[in-house]
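Visitor: Listed below are the residues making up each chain.
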Amino acid sequence: MEQGYAIEVSHVTKSFKVYLDKGNTLKEKVLFRNRRRYEHRKVLKDISFQVKKGEAIGLIGHNGCGKSTTLKLLTKIMYPDSGTISMQGRVSSLIELGAGFHPDMSGRDNIYINASIFGLTKKEINNRLNDIIAFSELEDYIDNPVRTYSSGMYMRLAFAVAINVDADILLIDEILAVGDANFQSKCFNKLREIKRSGTTIVIVSHSLSQIEQICERSIWIHDGVIREEGLPRDVHPVYLDYMGQSRMRMIENQENREEEVVIPIQDGTGTEVWRNGEKIRWGNGQARILKATAYGEDGEEKKIFRTGEHIVMKGFYEVLEPVEDAVFGIGVYRGDGLHCYGTNTRIEQFAPFDLNRSGEFTFVIDALELLPGEYDINFTIEMGMGIPVDYYTKIMKIVVYSEWNEAGACRIKHTWAWKAEEEHDEN
Amino acid sequence: MQTIKELYAYRTMIASLVRRDLNGRYKGSILGFFWTFLNPLLQLGVYTLVFSIIMNSDIEDFYLFLFVALVPWIFFSTSVQAGAGCIRSQKDLVEKIYFPREVLPLAFVTSQFINMILSLLVVLAVLLISGKGWSLPALCCLPFIMMIEYMMALGIAMFVSAVTVYIRDLEYFLGIVMMAWQFLTPVMYSVDVVPERLIPIFMLNPMTPVIVAYRDILYYKKIPQAGTLLQAVLFGILVLMVGAFVFSKLKRHFAEEM
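Same order as they appear, the protein sequences are chains A and B. One point on numbering: in our numbering, the residue at position 199 of the first sequence is 199, and numbering is uninterrupted. One point on numbering: in our numbering, the residue at position 19 of the second sequence is 19, and numbering is uninterrupted.
What the hints contain is simulated information worked out from the structure, not anything from laboratory work. Treat the hints with care, since some could be wrong.
[As the list claims (entries may be wrong)] In silico lysine-lysine, DSBU-like type, Cα no more than 30 Å apart, as pairs:
(1) A:K53 - B:K96
(2) A:K76 - B:K221
(3) A:K53 - B:K132
(4) B:K91 - A:K76
[As the list claims (entries may be wrong)] So these bits of chain B aren't anywhere near chain A, every CB distance computed over 10 Å:
(5) L17
(6) L93
(7) V94
(8) I97
(9) V233
Glycine is no exception: its CB is placed at the ideal position from the N, C-alpha and C atoms.
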């Protein structure tokens, strides 16, 4: 192993037997030997990376990409089929919290059990006991049985034990979502402190912002190989872009499978369209919206946008009977049904116009200030004082992603400023 | 060697698992830890009732004859039968945390062992009260034979617990195996009643010398024969080595097979 490295993973391959028809009893093993078909699924394909002493890295990737397996190999819960892993120093993993907790025993007793499972000796636990109890904020309850704890208290105790295990290498799997916001930030500060003290850290997380806050480097594992590696702020946008696209594909596949029912309205040319028991489109049918599309800044048609990006949406319509006093409208709904924005040309006091021929309308957003999520777009054509001509909800879906982790529904334009109080001269 | 060093580093884990098992077992019951003593005492009561009053045996104080062998036998059979599931039942730990896997059978057998020691205290008390009495020189051999039995129980527990991870049936199958094994071991009878020609086969049973030695020490108040002890030691070492070897081969894939 080279000098200065804490972890060295070289050419590691790991596959699992995935049983298509798993039988675990002897009868099944013997009798149905042929039926016990399984395939070797390669989870990791020749992965190599190194981690310097004191460095913090984040492993990212979609579910099943192999990042958790990598962590399990580092923990020595599993062993690679080929390749080698060498690690220098004491390894501790925050993978399972509250391991070995006994509900009937007191918090204090459980600290001993839990910490001993991490390989601490009694003396080491005694030295840390006060820190652990203080960190968990459970001083008043520490001698009560754990079964009387709320789930939040339980996790706080478990985390307090895990994070107070001193180690040279700390492996963390998706567990920073513990307790309330206060406790989370406390955990985070503790983690930074651990890092400052020179501990090497490997984190697996879905929360890219957590990784950005702690790690110097991100490794994106995709289908068992390292797809991208580098500074989190370089790797994460590429990753997010990829994830957005694959989510879009998924949504489209799903939509293709959804069932649509078209009900003609008795009088006139109007119709109603139902999808999955929900009325998604209605109107008198004098004009019809044919399709909707969205484009990015460079004019390329796409459906995934970054928060703040320029977006152009177009609606194409055909006119069957002239529409007098026409009004174009748009609605934006978040995936969970939140109405984010809605407007139309009447609200914005455009002069009335008629539609006599087919055409297209364009809706331009200079900077799309929606926060990450899936959004449904509604396009509408009305006439007169609000008679629906074609009211087309969910005509198109767009996906928004962001490199930042702001909270809420949309970004509000803002600036920050602060200054310190001026010093007063006593004399 | 590496494993032994590592197990030493994890000694606190073994200790706390044992303590959790012993303390946790009777938690919530009114009599609590007292059950550890009450249980063997009540069993003894039942045996006395059955064998002194209902079924009269030729053997003098048959309930004691039986009891001094039954206590070590129960330790052994529980270690094997319930011990088979000791890795499976800790699925969460095994899948999520690294620790030397040997810790689990070791802790399980040790906690059973401590239970046996507590039961033996009851046995010793009863021997004294019933007027049977102790023989101090013979009692000096007791820790020795206990250690040998511990090795045997540990070796077999390691073997069956590791195999059970791969073949779950073993755990259930062991129920009948242990019953048969009990009848093939001189727990409820004396070796004297075994037909002469079957003795060589009979002596292949590693538990025979162990039970014979217990009975010699506690019931007959005499030091076991050197041959019995030697046989027990050899069996003990052999069983432990085989168990540890099989375990070390199988443990690498525990996490995947669960």
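Visitor: Looking at the structure, which of the earlier hints fail to hold?
Guide: Those not satisfied are hints 2, 3, 5, 6, 7 and 8.
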